[in-house]
Amino acid sequence: MTRPRRYLRPTSVAEAVGLLADLGPAARPVAGGTDLVVALRRGEAAPEALVDLTGIPELRALAEEGGAVRVGACVTHARLAADPLVGSRVPLLALAARVVGSAQIRNLGTLGGNVVNASVAADTPPALAALGAAAEIAGPGGVRRVPLGDLVTGPGRTALGHAEILTALIVPLPGPHGAAFEKVGRRWAVSIARLSVAVAADPARGWARISLGGVFPSPRRIPGAETALARGFDPASAEEAGRAAEEAVRAVSGGRPSMAYKLPVVRGLVARTALEAAARARGGGS
Amino acid sequence: MPSSVPASRDPGPSGEPPAEGLTIRFVLNGRTVEARVEPHRTLLWVLREVFDLVGAKEGCGVGECGACTVLLDGEAVNACLVLAGKVDGREVTTVEGLGGPEALHPLQQWFIRKHAVQCGYCTPGMLLSAAALLRRNPDPTREEIREALAGNLCRCTGYVQIVEAVRAAAREMAGR
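These protein sequence lines map, in sequence, to chains A and B.
The first sequence begins at 133 in this note's numbering and counts up one residue at a time.
The second sequence begins at 14 in this note's numbering and counts up one residue at a time.
Check the hints yourself; a few may be wrong.
[Unchecked claim] Listed next, the stretches of chain A that the computed footprint assigns to chain B, with coverage defined by at least 3 CB atoms under 8 Å from CB atoms of chain B:
(1) 134-143
(2) 167-175
(3) 179-188
(4) 236-243
Hints listed in this document are in silico derivations from the structure and should not be mistaken for laboratory results.
From the three backbone atoms N, C-alpha and C, an ideal C-beta is built for every residue, glycine too.
Model the full structure from these sequences, guided by the hints.
Rendered as structure tokens:
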């Protein structure tokens, strides 16, 4: 096993990018470490240097900014789940953060880490995808902003270039809405999601956002399901949304052996989660 | 407890340059301590091997069982997943700092009284997850207790008694 020989603790984004640029690909950024430490232990990652990003104040900032919530990449899931701004303006993100791992994992793991680890089964990316989040990336060439779907390109893969780090997720404020998030795994806590469903809906203004995790190479919205739900936000339209989601999953991932189980679950869970989000919107809370 | 200890010298694979040691200074169970460690070490290793505090256990080593749970700045974390470098400047509480034989914490007393301890391996982690919960939420429901302890596995499966013990401790601590 190759062990990291250096542990570096930059205090600014510029310093972190400079270190990563100097050290080259043998250096690995680390945030909460909940995935990387396991990979180190299993010999799946063997960086020569670790660059700890959690001491950079900018990456821990969380604030409303120009019609969006800007979540620093090193904000923990526990903080997201409890933050009043997130809870009131983008409750879908709070719900997803609340079901990550366990209390211990949520206190360590970060939103940025959950995104760039790019696990198909990650909990927060479906919520971010539904909310139309953008990723802010800093690197030697400066800062760029891309849609989340352009950052996460497939299982375990991102479009981060050499010495680039994810600095923040920019979540546009969708206006008042009801949110619901459901996941299916072997057990509720700690286990990896086989499937997750994120729904934000506002029956009063007639819009819905529905995305799925665990069934696509990277999280994505399902426009057909959104349109179906927006026809009535009632049990019939929710059933339609479930069928549209099932079709979308069949079209992309239908050949996988787990689909015989997953497709009916997708249909049922999307319908149920969509109704729940609509009910919460009408009830004035989520 | 030593306040300063040299890093252990693990023989690395031959030809590999030695690791750059890392000095960490933190508050451990109320006392400021310092240690020199290699970059790949975890908080769990530091606690057990440097400071001889063996209450936190290595169960799975990958953050799933909770036997290594300690408090970092008052919040429950899996010590097996915390790189030692992250502890610098922070505060760590282990079960040894929760309460000793002469002055058991109410949670410890109620774990005994409610028979919430069987083999005992998960107990330190359970106690610290519960302590973190009660600090934030002095009057948790049964459901909130279960959620707070969801990352702590008890393979003797004595969960009912554990939840009862946390409820009883909460009542005592709140003077109810």
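Hint-by-hint comparison with the structure:
Residues of the region 134-143 of chain A lying with their CB closer than 8 Å to a CB of chain B number 7, which satisfies the three-residue condition for coverage. Only residues whose C-beta sits within less than 8 Å of a C-beta in chain B count toward coverage, and the region 167-175 of chain A has 4 of them, enough to reach three; the restraint holds. Remark: the region 179-188 of chain A is confirmed as covered by chain B, as 4 of its residues place a Cβ nearer than 8 Å to a Cβ of that chain, reaching the required three. Residue count for the region 236-243 of chain A with a Cβ under 8 Å from a Cβ of chain B: 4. That meets the three needed, and the coverage hint holds.
This entry satisfies every hint, going by the numbered hints stated previously.
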